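**Q** First to last, the sequence lines map onto chains A and B.
The opening residue of the first sequence carries number 1 in my numbering; numbering runs sequentially from there.
The opening residue of the second sequence carries number 1 in my numbering; numbering runs sequentially from there.
Just so you know, these hints were derived from the structure itself, not from any lab.
Any given hint could turn out to be false.
When chains are identical, the list treats them as one kind, so a pair holds in a single copy or across two.
[Unchecked claim] Computed list of lysine to aspartate or glutamate pairs in EDC-like fashion (alpha-carbon distance at most 20 Å, straight line):
| no. | residue 1 | residue 2 |
| --- | --- | --- |
| 1 | K67 | E8 |
| 2 | K67 | D34 |
| 3 | K67 | E125 |
| 4 | K67 | D32 |
| 5 | K97 | D87 |
| 6 | K86 | E8 |
| 7 | K97 | D6 |
| 8 | K86 | E45 |
| 9 | K61 | E111 |
These numbers come from a predicted model, not from an experiment.
Number of protein chains: 2
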Amino acid sequence: MLLTVDFESAQPIYQQIRNGVVQGIADGSLRDGDPLPSVRALASELGVNLHTVNKAYHLLKIEGFVKMQRSRGTVVSIQGLKRDSKDFMDAAGSVLKNIVSEALTRSIGRERIVGIINRYYNEMEGKNHE
Amino acid sequence: MLLTVDFESAQPIYQQIRNGVVQGIADGSLRDGDPLPSVRALASELGVNLHTVNKAYHLLKIEGFVKMQRSRGTVVSIQGLKRDSKDFMDAAGSVLKNIVSEALTRSIGRERIVGIINRYYNEMEGKNHE
């Protein structure tokens with residue numbers, strides 16, 4: 001897994017780390033049972049605070065993407081993700097409504113938004129089957 | 001325009017007001033030149049602080065959805081929205097990438113995400129042509 005962070009971004013670093021791990025799971029570069037780097041190693045590699053990596057890992061644990069094992073540290077664990085995923089779909093619906101409404105005010109048609117969705121699915125599903 | 005806020009939501013109230021106005025512009029219930037309610041009237045109607053409404057209106061102004069006129073207060077003004085909308089598309093792309101990656105981890109296919117996009121476009125474009 002290649003994790004990078006953008007220090008210029010308005011998005012908090014811990015959120016970027018969280019998103020990077022979820023993207024790694026999505027595209028198959030991280031699989032169930034794979035260990036994440038230790039907090040110390042990742043903090044050092046990215047040049048960020050230990051606290052920032054801890055916060056990202058804690059969020060991933062709460063969301064059900066990883067678990068902490070005494071022997072192996074933080075490992076990917078997606079068995080527990082709720083398959084009905086109602087909370088996720090509710091949150092995604094709210095975010096997508098805002099994107100669609102802002103797109104409409106700018107005369108951006110659905111084909112451009114759907115095009116982005118399809119591109120990311122293709123990219124990540126493609127990697128997943130490599 | 002019918003603006004409502006959800007006090008139980010994790011989303012800040014000023015952001016909900018901002019989103020409601022953008023949705024009103026998107027579905028045509030707010031048109032270019034229409035005045036928004038005065039800060040005092042809206043705060044009273046929603047049962048929120050004056051400061052909260054001010055913050056929402058200020059954000060809408062920075063984003064280019066409204067302008068302040070001495071004579072008429074805050075009015076919808078979407079002439080100035082950049083039509084190429086690069087910043088919006090960049091931000092939307094980043095948000096959509098997170099939604100797609102989390103959907104993939106939950107085995108949620110593109111047809112469900114695209115379905116939500118199409119539903120919102122249909123709803124808002126439908127209202128816009130009533």
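**Q** Against this structure, judge whether each hint is valid.
**A** Verification of the supplied hints:
| no. | hint | result |
| --- | --- | --- |
| 1 | K67 x E8 | neither (30 Å within a copy, 29 Å between copies) |
| 2 | K67 x D34 | within (11 Å within a copy, 52 Å between copies) |
| 3 | K67 x E125 | neither (24 Å within a copy, 44 Å between copies) |
| 4 | K67 x D32 | within (10 Å within a copy, 51 Å between copies) |
| 5 | K97 x D87 | both (15 Å within a copy, 18 Å between copies) |
| 6 | K86 x E8 | between (33 Å within a copy, 17 Å between copies) |
| 7 | K97 x D6 | between (27 Å within a copy, 16 Å between copies) |
| 8 | K86 x E45 | neither (36 Å within a copy, 32 Å between copies) |
| 9 | K61 x E111 | neither (36 Å within a copy, 28 Å between copies) |
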